Amino acid sequence: MNYDVAIIGGGIVGCAILNKLTRKNLKVVLIEKGNDVAVGASKANSSIIHAGFDCKPNTLKAKFNVRGNELTFKLAKELSVPIKQCGALVVGNDLNMVNELFNRGKANGVKGLHILNREQLLTKVPKLNENITCGLFAETSGITSAYLLTIALAEEAVINGAEVKFNTKIKKCVKNDFGYNLIADNLNINAKYVINSAGASYNEVAKILGTEQHEIEFRRGEYFLLDSNIEPLTNLTIFPLPSKFSKGVLITPTVHGQTIVGPTSYESDNTTITTVDGLNEIKEKAVNIIKDIPFNKNIRNFSGVRTICGDDFIVEKSTKKQNIINLAGICSPGLTAAPAIAEYVAENLLGFNNADKKMKKRVPYTCLHDLNEAERNKLIKRNPDYGKIICKCECVSLGEIKEALNSPLKPNSVDAIKRRVRAGMGRCQGGFCLTKVIKTISENLNISEDEVVKENKGSNFYVSNINPKK
Amino acid sequence: MNKNLMYDVVVIGGGPAGMAAAIESYNQGAKTLLIERNEKLGGILNQCIHNGFGLQYFNEELTGPEYALRFVELLSKTKVDVLLNTFVIDINGLNVTIINEKGQTVVQAKAIVLAMGCREKTPAGIMLTGSRPVGVYTAGQVQKMVNIHGKLPGKNCVILGSGDIGLIMARRLTYEGAKVLEVLEIMPESGGLKRNIVQCLNDNNIPLKLKHTVTRVVGNTRIEGVYVAEVDGFTPKLETEKFVKCDCLILSVGLIPEVDLVKNLKLNPKTGGADVNEFRETNISGIFSCGNVLHVHDLVDNVTYESKLAGTNAAKYALGKLTHKKPFNVVAGNGIRYVSPSFGYMSEKEDLMIYFRLSSRITKSYICVKCGENEIYSKFVLAANAGEMQKIQIEKSKINGDLTVLVRGQ
Amino acid sequence: MKTTCIMCPVGCELTIEKVGKEVKVTGNSCLRGETYGKNELTNPMRIVTALVKTKLGVLPVKTTGMVPKNRINDVLKEIEKLELNKAQAGDVVIKNVCNLNVDIVVTGNY
Numbered sequence: 001m002n003y004d005v006a007i008i009g010g011g012i013v014g015c016a017i018l019n020k021l022t023r024k025n026l027k028v029v030l031i032e033k034g035n036d037v038a039v040g041a042s043k044a045n046s047s048i049i050h051a052g053f054d055c056k057p058n059t060l061k062a063k064f065n066v067r068g069n070e071l072t073f074k075l076a077k078e079l080s081v082p083i084k085q086c087g088a089l090v091v092g093n094d095l096n097m098v099n100e101l102f103n104r105g106k107a108n109g110v111k112g113l114h115i116l117n118r119e120q121l122l123t124k125v126p127k128l129n130e131n132i133t134c135g136l137f138a139e140t141s142g143i144t145s146a147y148l149l150t151i152a153l154a155e156e157a158v159i160n161g162a163e164v165k166f167n168t169k170i171k172k173c174v175k176n177d178f179g180y181n182l183i184a185d186n187l188n189i190n191a192k193y194v195i196n197s198a199g200a201s202y203n204e205v206a207k208i209l210g211t212e213q214h215e216i217e218f219r220r221g222e223y224f225l226l227d228s229n230i231e232p233l234t235n236l237t238i239f240p241l242p243s244k245f246s247k248g249v250l251i252t253p254t255v256h257g258q259t260i261v262g263p264t265s266y267e268s269d270n271t272t273i274t275t276v277d278g279l280n281e282i283k284e285k286a287v288n289i290i291k292d293i294p295f296n297k298n299i300r301n302f303s304g305v306r307t308i309c310g311d312d313f314i315v316e317k318s319t320k321k322q323n324i325i326n327l328a329g330i331c332s333p334g335l336t337a338a339p340a341i342a343e344y345v346a347e348n349l350l351g352f353n354n355a356d357k358k359m360k361k362r363v364p365y366t367c368l369h370d371l372n373e374a375e376r377n378k379l380i381k382r383n384p385d386y387g388k389i390i391c392k393c394e395c396v397s398l399g400e401i402k403e404a405l406n407s408p409l410k411p412n413s414v415d416a417i418k419r420r421v422r423a424g425m426g427r428c429q430g431g432f433c434l435t436k437v438i439k440t441i442s443e444n445l446n447i448s449e450d451e452v453v454k455e456n457k458g459s460n461f462y463v464s465n466i467n468p469k470k
Numbered sequence: 001m002n003k004n005l006m007y008d009v010v011v012i013g014g015g016p017a018g019m020a021a022a023i024e025s026y027n028q029g030a031k032t033l034l035i036e037r038n039e040k041l042g043g044i045l046n047q048c049i050h051n052g053f054g055l056q057y058f059n060e061e062l063t064g065p066e067y068a069l070r071f072v073e074l075l076s077k078t079k080v081d082v083l084l085n086t087f088v089i090d091i092n093g094l095n096v097t098i099i100n101e102k103g104q105t106v107v108q109a110k111a112i113v114l115a116m117g118c119r120e121k122t123p124a125g126i127m128l129t130g131s132r133p134v135g136v137y138t139a140g141q142v143q144k145m146v147n148i149h150g151k152l153p154g155k156n157c158v159i160l161g162s163g164d165i166g167l168i169m170a171r172r173l174t175y176e177g178a179k180v181l182e183v184l185e186i187m188p189e190s191g192g193l194k195r196n197i198v199q200c201l202n203d204n205n206i207p208l209k210l211k212h213t214v215t216r217v218v219g220n221t222r223i224e225g226v227y228v229a230e231v232d233g234f235t236p237k238l239e240t241e242k243f244v245k246c247d248c249l250i251l252s253v254g255l256i257p258e259v260d261l262v263k264n265l266k267l268n269p270k271t272g273g274a275d276v277n278e279f280r281e282t283n284i285s286g287i288f289s290c291g292n293v294l295h296v297h298d299l300v301d302n303v304t305y306e307s308k309l310a311g312t313n314a315a316k317y318a319l320g321k322l323t324h325k326k327p328f329n330v331v332a333g334n335g336i337r338y339v340s341p342s343f344g345y346m347s348e349k350e351d352l353m354i355y356f357r358l359s360s361r362i363t364k365s366y367i368c369v370k371c372g373e374n375e376i377y378s379k380f381v382l383a384a385n386a387g388e389m390q391k392i393q394i395e396k397s398k399i400n401g402d403l404t405v406l407v408r409g410q
Numbered sequence: 001m002k003t004t005c006i007m008c009p010v011g012c013e014l015t016i017e018k019v020g021k022e023v024k025v026t027g028n029s030c031l032r033g034e035t036y037g038k039n040e041l042t043n044p045m046r047i048v049t050a051l052v053k054t055k056l057g058v059l060p061v062k063t064t065g066m067v068p069k070n071r072i073n074d075v076l077k078e079i080e081k082l083e084l085n086k087a088q089a090g091d092v093v094i095k096n097v098c099n100l101n102v103d104i105v106v107t108g109n110y
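Protein chains in written order, with this note's numbering: chain A, 1 to 470; chain B, 1 to 410; chain C, 1 to 110.
If we strip away everything but chain A, and leave its shape as in the complex, we get (with noise of 0.2 Å):
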């Protein structure tokens, strides 16, 4: 099969670029070792719409960034996302420092910014810790989810033509008359173009490719998920004032009413470990914005792995191979950037300039937590599926697990439809629900309870039948 692009690596990266190219009206196919999109650094980060004070000026960080502000909240919406542009604040008591990323974002063009005195921010988080005297407060800034982003982005890509391989491991990569010859297990491709968006896996990538190598310094951070029933501690995103390795222990709301707390920032190897020092120090960092954190009401801990390459992304042509594009080291604010990423990949370095392409729009999981009582049971009696609920927590029914077995991504892993639509996401994280969402896959892809998987292939949940044969 010949594609004129094939994208490496499914996060909010790819899926960005897979959908801007399908915009542009080319085949394209995203190539992702995982079982589905969003498996890396992209389901594990603090779901943050940077506003873009805090990136150097004149970076592509900076660059991307602003951009990226704008086109997520319109892209958000376009694809029916969460998305909620509740602001930022970053506080502390060095008012010097509040100018500088003041003046930063200025330089940066980041509109609505304002420096505020203890009593302003008072009133805008009223539990803030007494030592806290002043802030700046980014208008532009909220919250999203990023792996619901990523799917969405994918899905509207695939509905528009594009292709999506799963478990697929690019082994070889030859130079052909067409473009590149692609190789995995279960893949043979042509393409004209390739573009490296394997984050953490970059370099493997690079090598198979024969395209630059980076050098790759993984930095892992680890968070607290809180319950979505504790009193709300902050209806907008806080920072602490940030230092040099990363922006800090940040208190968020999420978009779907819980609260995060964290990330840590260590030097690591790409592993999504959690860590009692890493969690500990989560704790003691968090109560300098907000004293009174219930961490007794922690329903997850997760970790996720952001890969740095020096100071800067790195968005480039390859130099070693023709039309190959480089992407590496997109840590945050990545998430942002990402659109922004895609917007400049696909015009200046592509150079397909056409406009966008009318898109058959995706349509939205339904969220019976959403929906009022003359919408359920509209619902209801058009499929008596969405009056059963399988997960307690979270108030999802079983028509919604169903439509999200059906959707354009085909996903068939128990996190695969927890992202999708929340089953096991809440406070007993699947306590209850687990093996009636196992049964409900197994059901619905005709496959056996033993064959579901958790995430990734290998990830059964059942070892066999009870009583194996010795």
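Honestly, the hints are just simulated from the structure, not real lab data.
Hints are supplied without guarantee of correctness; some may be wrong.
Some chain C residues near chain B, calculated using beta-carbon distances under 10 Å [what the hints assert, rightly or not]:
| no. | residue |
| --- | --- |
| 1 | 4 |
| 2 | 5 |
| 3 | 11 |
| 4 | 29 |
| 5 | 30 |
| 6 | 50 |
| 7 | 57 |
| 8 | 59 |
| 9 | 60 |
| 10 | 61 |
| 11 | 72 |
| 12 | 73 |
| 13 | 76 |
| 14 | 108 |
| 15 | 109 |
Treat the numbers as computed from the prediction; the structure is a model and nothing was measured.
Heads up, the beta-carbon is just placed ideally off N, CA and C, and yes, glycines get one too.
Got chain A; can you put chains B and C on it based on the hints?
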């Protein structure tokens, strides 16, 4: 769906608590509705296929499903309306919003009995660190996988926590062809019943390591093993850390009452369940609570006794027969972790039933109840464990003020 | 042998020895403990609960009485062998299992 469903008493949850409450409510003459989210009644009992249920209440030893079936049968002889596959999404005052295959509607109640049971503490609840691969489950999840679905989640299992479900599952997994390598308990003694330690662990040569915990989980796709260390208090002694290869880690680390459905419910911080009066009525007038959503029980027999009380009183409330006069407090004194209920009424003639747990194991001591300076009740106990629920019954004629339950030596 | 008495919450640590033809129990604080200890050494008995396979899924079963502890595995093997079409609570699925004078009965429904 039918609009304007109206009942005297709506019972939420069709496990042992809800069934007992619904039957008693009906026996008091109240029009009663029982709501269950699953496709059958019985709740968690359906997956507790082991024996040891009903020794007190039925005077015979039953399995969980048999205990449930006894009540299903009793219920079938009443005119209690039962809604299966029905989920309560909201309780607003005494209006219960339900959703099922017919749609969403509001049921108006004159009284509500909460009988939703409890959920298990998750890895996050104990801040379990390391990786998050497949193969880490709670004991109840594994119980469902094995006993309901006939599936094994692993062949070499480590169990963290020696709660009763964990102990029971150690035996079940062994019987069904898996190997349980060890059971780890962070405390110096197990909170599980002695019977379970002997018959589930010792009978099957499964080691119980006290003062040990899992320090981290290893494995990317599947769990490959866990690091286990001795603890000093709750702090792992990292020099004792050892790797244990396993393909399944099972947590049996505690249960939490599922109270989240009801807003503004006053909770007892010690139990995580509602703070109730002797009728098992919560701070919200007309809302009663019983079973594991009130406080986590060790024996289902006690759930039944408590729930009958809640069901009876909910019906009386709905029918306007409950009086709340001359209140008195019931307080946990020396050696008592918590008491339930936390207050009663002298106007009520029925005996006062107090459930409580001890702060720690006691031997050769007296459990007493003081009313002011008078000791109105005392019982000698040779030994009692902290995990075991205790109960005492006090005649109302003896009560003329606040009560304190306490432990004293000889 | 050493075991914990389970007759009451005291949980006495019992030491049970065979002295000649007599069985001697120490560590107990009451007569029930002595009886329990003697039985645990000479003839420990248990109720067995397990699952039986049917075409519609697994169902819980139990022995209708106690069986000797050292025969539990034999009983489990007999239960394992079964594969029924369907069953319901109360059905006797094995009569006089392993000649132990107890039956295997289904205790629950689908």
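Here is what the structure says about each hint:
1. 4: holds, 5 Å
2. 5: Interface hint status for residue 5 of chain C: holds (8 Å vs cutoff 10 Å).
3. 11: For residue 11 of chain C, the interface hint holds, since the closest Cβ of chain B sits about 5 Å away, which is under 10 Å.
4. 29: holds, 7 Å
5. 30: holds, 8 Å
6. 50: Where the cut-off is 10 Å and the nearest Cβ of chain B is about 6 Å from residue 50 of chain C, the hint holds.
7. 57: holds, 6 Å
8. 59: holds, 9 Å
9. 60: Residue 60 of chain C check passes; min Cβ-Cβ to chain B is 4 Å, inside 10 Å.
10. 61: holds, 8 Å
11. 72: holds, 8 Å
12. 73: Given a least distance of 9 Å, the restraint on residue 73 of chain C holds.
13. 76: holds, 6 Å
14. 108: holds, 3 Å
15. 109: holds, 7 Å
Taken one by one, the earlier hints all hold for this structure without exception.
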